[in-house]
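Enquirer: Take a look at the letters that make up each chain.
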Amino acid sequence: MTSRIEDAFAKARAENRGVLGVFVSAGDPDRETSGAILDALVEAKVDMIELGMPFSDPMADGPAIQAASLRALKGGMTLAGTLEMARAFRARHPATPLVLMGYYNPIYIYGVEAFLADAVAAGVDGLIVVDLPPEEDDELYLPAREAGLDFIRLVTPTSDAARLPVVLGTASGFVYYVAITGITGTRSAAADSISAAYSRISAATDLPIVTGFGIRTPEQAGEAASLSDGAVIGSAVVDIIADNLGGDGRGTPEIVSKIAAFVGDLAKGVAAAGRRD
Amino acid sequence: MTDINLNSLRNQPDERGRFGMHGGRFVAETLMPLILQVESAFKAAQSDADFASELAYYQTHYVGRPSPLYFAERLTAHFGGAKLYLKRDELNHTGAHKINNVLGQALLAKRMGKTRIIAETGAGQHGVATATACALFDMECEVFMGEEDVRRQKPNVDRMRLLGAKVHPVTSGTGTLKDAMNEALRYWVANAETHFYIIGTVAGPHPYPQMVRDFQSVIGREARQQIMDAEGRLPDTIVACIGGGSNAMGLFHPFLDDESVRIIGVEAAGKGIPSGLHAASLTGGTPGVLHGNRTYLLQDEDGQIIDAHSISAGLDYPGIGPEHSWLHDMKRVEYVSATDEEALDAFQLCSRLEGIIPALEPSHALAFVGTIIGDMDKDQILILNMCGRGDKDLGAVLPMLEERGKL
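Protein chains in written order, with this note's numbering: chain A, 1 to 277; chain B, 1001 to 1407.
With the rest of the complex left out, here is chain B (with noise of 0.2 angstroms):
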């Protein structure tokens, strides 16, 4: 008990996969013997010497691990508040913050002698880090992908597809995240002896959020360690993006506990919050349970789930993980939104400014940055985690800015 901190917010969640009220294991019994499993060789996993060395060796010499601190000054100049620091996880190997978490999981699965992966993807972030993995480590890749994401992600669904995945695009629901995740849980539940199925976000039944968040969580690590050795001081704020939230949990976490720093999580309002189109389930949802876990989810007053909107694939998603929800609910954390359009317009300026062309996902963490970095003073510092690159967006972002005469 000696090393227990009691009032610390970071020794979440409790033996059933709780988060206060949110989080647990909410699935068909099919799957409940496969959790156990996975759960159990992640715990052993946790107190291994070898499997921390064994994905630190990956993540420096092939993730490229630590991602730079980097001061953006020019975007500083242009704001006139804070120092405006990024956590540039957009240089990872494959894009994006998803890598850090899938080979983590990766590893797990060989450990488990699991040779064949499933994966539910959005943007297709997850995706590729997933087909990623599974040609380092010699695995059969299937990933489940809604249409409308398949055709408005075509780049990555070439990557996985050059990798060796096969790419299922799912045409029920929607055809977006959600039912990428219904279809995948799934083809888990029909193939679950032989299959290990590596969730992209802090959501779905304990253990994945936890285990996804402890493989994330190298980036707030990395930064503590980084502003600490930049500016000798903590940072004032944190912000990150939130669609299940795994690149902002894993931003938070190692400051959950730091009383001085302001974390402020942003999820995507879509067309605007009063519009019903969009994906901030905390800002506009109540608490249910869906995908394994209990937590904030866009539904109606019948608890079907509603179609979530976000011109961001990646955050286009009707639910949030649950320890999210629970730092709402005690308001360690604030959590806000930007429309499509306030992203779509710091997807520009950070382009322009930067020469860093950032994910749709970050830039609305860009954009409500833009709305209180101003009245900051200027020897405070603001962290935003760069979580990936916006490469795979610039189909759907071009057109969009040459109709407003913006390009």
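One chain only, chain A, in its complex shape (with noise of 0.2 angstroms):
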């Protein structure tokens, strides 16, 4: 039997184009809105979501996802709650791969047993544990291998010769290249990094590789594809919610709708862009 996340990958490939894939933090900016939000990705075509687990302390992200994480955890979000959203998310959408990202702390302190129990039957397909480096596996990544999970590594630019079969010899379902753009500048310098990046990675790896970080338009989006096999947008679309919030900072059916629009036309980059062989 194949995982959903290999299905999404056949899927695209037989569409001639890479995966797109949104994150969104969980509870942002409340439950009820952001199960909106999950629903509209789907329909918007999304092919993966990245559900973030609120962190206090998201040391390694940016502004954008910052004040995501806290709006949620404002709006009440835990641990608990992203996991039983997740479990709704499933039984409405059967198909969709579902990968929880987030820091270690909140899964350490939830249980590392319990919580890979509780993904497992909320119909999670993969993990993404920012601050969990291969030299930490006891600590996760065999449990969750052992759970049925995938658990997805980041490769970034400071992955040098040493370092990559470290971080891919355990990789698995696909691998998420940390692409810093917005320190590269000019986009064309971008793609050039993205396509060498590529090489150096998949000469090491089998598993599809999707880039993310500083992706903001759907030409982007669709040149981050092509490029390798896939692209994860995030802050673009944390940022619609931020700046649609209601007055009491809840949220409001702008949100849902401006992110569908935008997420449609995210796809529609995507399937324009086609694939790179």
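These are computed hints drawn from the structure, not numbers from a lab.
Small disclaimer: the values here were computed from a predicted structure and weren't measured.
Ideal Cβ placement from N, Cα and C applies to all residues, glycine included.
Treat the hints with care, since some could be wrong.
Quick list of in silico lysine to aspartate or glutamate cross-link-like pairs, EDC-like style, CA-CA up to 16 angstroms [as the list claims (entries may be wrong)]: (1) Lys1110/B / Asp1050/B; (2) Lys45/A / Asp7/A; (3) Lys1110/B / Glu1015/B; (4) Lys1110/B / Glu1140/B; (5) Lys74/A / Asp1300/B; (6) Lys74/A / Asp1302/B; (7) Lys74/A / Asp1307/B; (8) Lys258/A / Asp39/A; (9) Lys1166/B / Glu1140/B.
Distance ranges between label pairs, derived from CB positions [said to hold, decoys possible]: (10) Glu1140/B / Pro143/A: 55 to 61 angstroms; (11) Ala1190/B / Thr252/A: 28 to 34 angstroms; (12) Asp265/A / Asp1138/B: 33 to 39 angstroms; (13) Lys1043/B / Lys268/A: 50 to 56 angstroms.
Here chain A is said to cover these stretches of chain B; the calculated rule only asks that three of the stretch's residues, wherever they fall, bring their Cβ under 8 angstroms from a Cβ of chain A [said to hold, decoys possible]: (14) 1182-1191; (15) 1282-1290.
Once you've looked at the hints, go ahead and assemble the two chains, each given alone in its own frame, into the complex.
Expert: Pasting the structure below:
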């Protein structure tokens, strides 16, 4: 049996395009709006959803995701609440892969065993835990693989030849390439760097490689998805939430409709850009 | 194997950077190659006599080490118990123990060919020490400091600017030390290739807790020799304040295997442990993972970090170095606490009786010492680490003393 993640990549390949992934923080800005956003993402033909597990100190995230995380926590979101949202999502959407993304401490406090059992029962497909490098694999990676969850590795521009085999040797699901395009400057330079990174990483793994961080427009999404195997968009979606909050900081119908329209454009951008091979 | 004592408490951490279950390397992949580079550079420097002699040169001629071990006669008479000695690291250049570690790391950065330095700071002592070393070694310096701390530690902000450092006020979170550390880590992630991050306390990913401890252990090594010279024997008790815990680890480490020495770390109890407004991670926290290591943290039942509270910006941190967490679990070191009010009283007492204006941080340690030293025998010896001077705190302390009718 293939996994939902494998199916999503196979479907995109069959349609001659890369996959489109979107990140949102669970419970941002409140649970009801957040659930409606997830439905809108599926409706808008997102291939894969990365659902953020809010944390008070997201030290690898920029201001947009930090703010999203804090809004969700202020709205009462917890890790238990995130798992509940995942379960409800899976009941409504049997096919769309759902990856939980966040930091280790809330999982550690929840209890690794309980967390994995509840995540599997909720229909979660994979985990991205930012502050668990391969050096700490016995904490969560090994039990997560045992439980049947994919554990997605991040590869960065600082991952050198010595580091890549360490990171990729035990990767599963797909590889998330963190392209810090905000710093490389022009779009063509970014395109060059994504291409170069793709060659470097794909020489060390057979897993699909998606590109994320710093992608803000349908054109950039298409470019990143066609230079690798997919694109993930986070901050640009989360910014729509921040810009359309109600006076009380609660969700509004505009948030959901504007995200639906924006993500629909992203999907078109990705479809139009085609595939690398 | 012949020179390694397997029963020693001084051989930690293991090769994974673990102190028992604490410590480790819980960082984003972006930082891993850098942390491994720092580790191998540190290992190489440890066995390099040139590095040791260069560091010793600056410690002697620039910092003014060894710092005196001073018999505090009037405080001793006041308390009426054991003899109180103060390890006077407040006399170091820049006014605190922080420079011991900064010079070590700055020299290491220099060896690695890095000329841009990042630092986080709470009270500003680590920021000032880092800005100082950067001026000395011609390096660029960027310091991240919570905006609340920028306000309450203005003299240190001015000093950093004068020394040529750029101070980034941090507005995220509560604008204190934890947020400054988040922001410094983010900045390092984005500038990983060019910058060296000088962490100011015995926390963060391996090898930082070990590295900072080793550079600070000069305090304990000197104190051990000095008390042998002065009294011909080891102290009965040693005491230091703890935020992240670098001055305490520096004093404690050389004494860990001396079973006769009682070791006490004093955390900041803020407005009192029951109030929830404190910074006492060991007394009032639970193990968790933050800023690259597992250690005791102030957190809620969902694993979200709770803001610390202390009158002292240098102790205002919701975590603690992982080696302290291990020593707490092992029960080798006793961890206690002192409140804001108790620290204020000790601040004033030390100023009046010894002519030494202490920083608010060691004032916490002195406050606790006041509760035990009177019950000790007169021939016993207690060493307190006077890890910083109080000039930086006058702006915050004077209005509080006036308000309480104490000045």
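Enquirer: Confirm or reject each hint.
Expert: Hints, one by one, checked against the model:
no. : hint                                     : verdict
1   : Lys1110/B / Asp1050/B                    : holds (13 angstroms)
2   : Lys45/A / Asp7/A                         : holds (14 angstroms)
3   : Lys1110/B / Glu1015/B                    : violated (25 angstroms)
4   : Lys1110/B / Glu1140/B                    : holds (12 angstroms)
5   : Lys74/A / Asp1300/B                      : holds (14 angstroms)
6   : Lys74/A / Asp1302/B                      : holds (13 angstroms)
7   : Lys74/A / Asp1307/B                      : holds (15 angstroms)
8   : Lys258/A / Asp39/A                       : holds (13 angstroms)
9   : Lys1166/B / Glu1140/B                    : holds (9 angstroms)
10  : Glu1140/B / Pro143/A: 55 to 61 angstroms : violated (44 angstroms)
11  : Ala1190/B / Thr252/A: 28 to 34 angstroms : holds (33 angstroms)
12  : Asp265/A / Asp1138/B: 33 to 39 angstroms : violated (50 angstroms)
13  : Lys1043/B / Lys268/A: 50 to 56 angstroms : holds (53 angstroms)
14  : 1182-1191                                : holds (count 5)
15  : 1282-1290                                : holds (count 4)
Going down the numbered hints, you'll see the structure goes against 3, 10, 12, while the others check out.
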